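Asks: What follows is each chain in one-letter form.
There are 2 protein chains.
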Amino acid sequence: MTHNEIMGEAIALSQHNIEDGNGGPFAAVVVKDGAIIARGANHVTAENDPTAHAEIVAIREACRVLGTFQLTGCIVYTTCEPCPMCLGALYWARPDRIYYANTRADAKAIGFDDAFIYDELVLPIERRAIPMDQLMRDEALATFDSWKHKTDKTHY
Amino acid sequence: MTHNEIMGEAIALSQHNIEDGNGGPFAAVVVKDGAIIARGANHVTAENDPTAHAEIVAIREACRVLGTFQLTGCIVYTTCEPCPMCLGALYWARPDRIYYANTRADAKAIGFDDAFIYDELVLPIERRAIPMDQLMRDEALATFDSWKHKTDKTHY
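Chains as they are written, first to last, in the working numbering: chain A, 1 to 156; chain B, 1 to 156.
Keep in mind the hints are simulated off the structure, nothing from the lab. This one's a predicted model, so the numbers in the text were calculated from it and none came from an experiment. Be careful, since some hints might not be right.
Identical copies go unnamed one by one, so any copy, or any two together, can satisfy a pair.
Unchecked claim - Straight-line C-alpha distance at most 20 Å; calculated SDA-like pairs for lysine to any residue: (1) Lys153 / Gln70; (2) Lys108 / Ala142; (3) Lys32 / Gln70; (4) Lys153 / Ala107; (5) Lys108 / Val122; (6) Lys108 / Ala35.
Excised from the complex, chain A in its bound form:
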């Protein structure tokens, strides 16, 4: 399959998702060794899950199929530039490459907060729209120390 054929499948999936009423106009597919191994569409409203963006759904499914928590050797095709949540998820999953179609500005133009959230993430914590305060760092640091000294841990 060509890049455009694969992205075309993702775009078709996003169009079906609108018609099926599952959530927003977003879909993603994960490819490994030239074959689509996972698909995801936005299911936020259908599943009452604000994290069920297309990329998150596709990453989780691809990891389930592969039996791993890493997408090494995979390419992700998404119908829109990932929002900060999904881009963060992609960095944790570590695919080799990402292709996207619409931009965060295109998403903003139809009412989605992607661009707003990108702007918020770079603000100093005390200037963000959702108030964030620190508590009990010393007590929490003790758990990080436990992790650091755990000898049988799985790195990720």
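Once you've looked at the hints, dock chain B against the given chain A.
Replies: Only chain B this time, still in chain A's reference frame:
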């Protein structure tokens, strides 16, 4: 319960998570009307799910309990400053307030990529560590147009 008692529960949960070998030293709880309604700990390695960070697990559980995709009126307590994925998820879930204990720098000091991902998200797309390229925007924009004109959609 006081703020410290609630954060203390989250910290205890993160310590148990290390001992149980489910994933990293991270936990979060969601509070509504003074009561803990959901808990989450990092299950990345136990569930082969790179998105199963404490906050994501707790947000999904809280939304399941409440039967909604929004955490209006809720407070989230997390044992570490959220990574970009989790902070993005929190912005989509829209709780009223967030409390955190350890910082992204503390997470970096024990080997987690939080600070690196924050740095990557603000780079121009062409300078990021994971290559990202745009394809087929015109075709994808047609789906955004479908969404814009859908009369029976659920906004989120």
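Asks: Hint by hint, note whether the structure agrees.
Replies: Hints, one by one, checked against the model:
no., hint, result
1, Lys153 / Gln70, "within (16 Å within a copy, 34 Å between copies)"
2, Lys108 / Ala142, "between (42 Å within a copy, 15 Å between copies)"
3, Lys32 / Gln70, "within (12 Å within a copy, 34 Å between copies)"
4, Lys153 / Ala107, "between (40 Å within a copy, 16 Å between copies)"
5, Lys108 / Val122, "both (18 Å within a copy, 18 Å between copies)"
6, Lys108 / Ala35, "neither (32 Å within a copy, 35 Å between copies)"
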